[in-house]
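A.B. asks: Based on the hints, put chain U in the right spot on chain W.
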Amino acid sequence: MRSGLTFFAGLILLAAGQLALAQNGSLGLPKTVEAGAAFSIHTTGSGKGVLYIVGPGQILRRDVQLGETLSFAPGDMHNAGHYLVVLTGGSSTENGAFDVTAVHQATTLSFIAKPSRLPVDLHDGISGVVYVFDTFHNLVLQPTPVSFQLSGVAGAPQTRTVTSKNGVAWTKLDSASKEGAAQFEARAGNVTDKRIIQQVPGDPCKLKMDVRPDGQQLQLETEPVRDCSGNAVPDGTIVTFTEIYDGGQSTVDVPLKRDIAKTEMPAHKGATISVATGVVMGNEIRWGKE
Amino acid sequence: MTRRIQKPILIACSVMAALFVGASGQPTVRVEPTDSVGPRTLEKQTETAVVRDYLQAWHSLSAALEQNRTDLVNTDFVGTAKEKLSDTIQEQTKLGIQTRYVDKAHDVQLVFYSPEGLSIQLVDTVDYDVQLIDHEKPQITQHVRARYVAVLTPTEVQWKVRVFQAEPE
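Those sequence lines, one after another, are chains W and U. Using our numbering, you'd call the opening residue of the first sequence number 11 and step up by one each time. Using our numbering, you'd call the opening residue of the second sequence number 32 and step up by one each time.
Just chain U, same shape as in the assembly:
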């Protein structure tokens, strides 16, 4: 009897697990070859760290704009990018709006690594969904494809996004 019950439970758990993975699925990420990035030589470790921290910044942005929490952008953003995002969050709070950004795909190209190693610039063609929620009422979910330019600078333990700006494709 016990064995007969276990199998359906196992299947149900697997389905739930698959749904969970699908729902919280990571975006697909493509990084263009970095052979021509300069003027400073870009080591593989640096490239990996920059891309990892940039994607983490998207994660923070998404959570911060959804929960209207300015503290969530502190970890991965700095300078102008942080100020602008914080202003948007404060404005959203004032208006009773939340926005949910779900990044689906990134096509990242590292384009500039400064000679002294203090800044790195990337261009990212991002596919993402934006859901607009006004006073807890979802208004629309829209798919967006945009080209973002980001400048990251190193801090003690990670790269932080200092400039984050979409431009016309």
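Same shape as in the complex, but just chain W:
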């Protein structure tokens, strides 16, 4: 029983000794390496060994002559991450770790601009998000200034500069008051990326119709339908005419054509005719008051 315990204690001491050796090993490791940069690892001892660099992003295995310095060429380690280094050879195993960091210079931007189409004059209506990547597609976690610019068909461009945090920068901008395509650009260093944002007219600001008798019919026609900034509401927008008369109701949906909607409805004496589009109500006409 006692000999068993002694053996067990010996094993623990041996394991602790191995651990101490591993932790105090003389692997000459850099603390950090920039992605793609050349670096070297110094080994001690004699004989042959194998060096492993292990991480989810990359793995390397090199045969080494212990005591020599192992050189890694530019590009050998290109994926940012935390790497475990293991050197086996002789009677012991040494290990350590180092980090590969992204190249600080942005090479690629992942630029998400939303929405691609929105009404004019919308406060904070456009959002831009940029993830900054280096040449090896590593996320650049170093704070990086990113400038956003939205230039439309009229007016001065809107510009914001945001410093990225954890590799991401974002902003929100207003849509312009004039319809048309706007260019949304993100820039980090020398890298730019562009998106086109279509700014379309907003809801009609006011809706007014006129009525004209034509035999047993009434000719109904709206004035040009525009949004509150004066932009013409797109053709195809549905305008609804409703006629309520004694004991009945008629409804006609008409698409806008060249800013105007027109239709004809039966002329009922005492009828009330109204017009609407979307949530906007127009004027009301009472025909042939009794």
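Worth flagging that the hints you see were computed from the coordinates, not collected in a lab. Virtual Cβ for every residue (Gly too), placed ideally from N, Cα, C. Heads up, some of the hints might be wrong.
[What the hints assert, rightly or not] If you anchor each label on the Cβ, the simulated ranges turn out as follows:
hint, chain 1, residue 1, chain 2, residue 2, range
1, W, S50, U, T79, 20 to 30 Å
2, U, L126, W, S102, 19 to 29 Å
3, W, D245, U, P58, 52 to 62 Å
4, W, S126, U, V188, 48 to 58 Å
5, W, L76, U, L126, 14 to 24 Å
6, W, M291, U, V188, 40 to 50 Å
7, W, M291, U, V60, 32 to 42 Å
8, W, S50, U, L126, 13 to 23 Å
[As the list claims (entries may be wrong)] Here are a few chain U residues that face chain W, going by a calculated C-beta distance under 7 Å:
hint, residue
9, E63
10, P64
11, T119
12, Q121
13, E122
14, Q123
15, T124
16, L126
17, V142
18, S145
19, P146
20, E147
21, L149
22, Q170
23, V194
24, A197
[Said to hold, decoys possible] Using 27 Å as the maximum straight-line C-alpha spacing, the simulated DSSO-like pairs for lysine-lysine come out as follows:
hint, chain 1, residue 1, chain 2, residue 2
25, W, K58, U, K125
26, W, K182, U, K75
27, W, K58, U, K168
28, W, K175, U, K168
29, U, K135, U, K75
30, W, K41, U, K135
31, W, K124, U, K135
C.D. replies: Same frame as chain W, but now just chain U:
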């Protein structure tokens, strides 16, 4: 007689069950309060789904790197993260190496939820063990603590990891 045998069997089964649970024990997970995540409001359901899918991604990563199977990363990774992991698996296969990642603890902090809801970023301080196996011979098992930055994007049914990168603590 039968009753006398049953009791030891029951105890043995319980011990085995406890060992099994211990061996396949889930990592401890701590999620920092998400009050300040923005700019988009983060609903509790979204938070739960993101953390669940991220932890599942670790599970897939572990299995894929241990079995050297690139198909296992398809479910939970996408884009750059998937490509880089697949490259590592292919390299491991070529070298005759397997790595076993066993995550022990996660301290997750959701840090960014994009305005349009198309990406979410988290930072995770992970404690995990890495075992290196070269031609089926275990070389070393090492405990690692690292800070990971992950960006997840939504797909039809789940969040997938698009960026997965450790940074110096």
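A.B. asks: If you test the structure against every hint from before, which numbers come out violated?
C.D. replies: 1, 4, 7, 9, 10, 12, 15, 28 and 31
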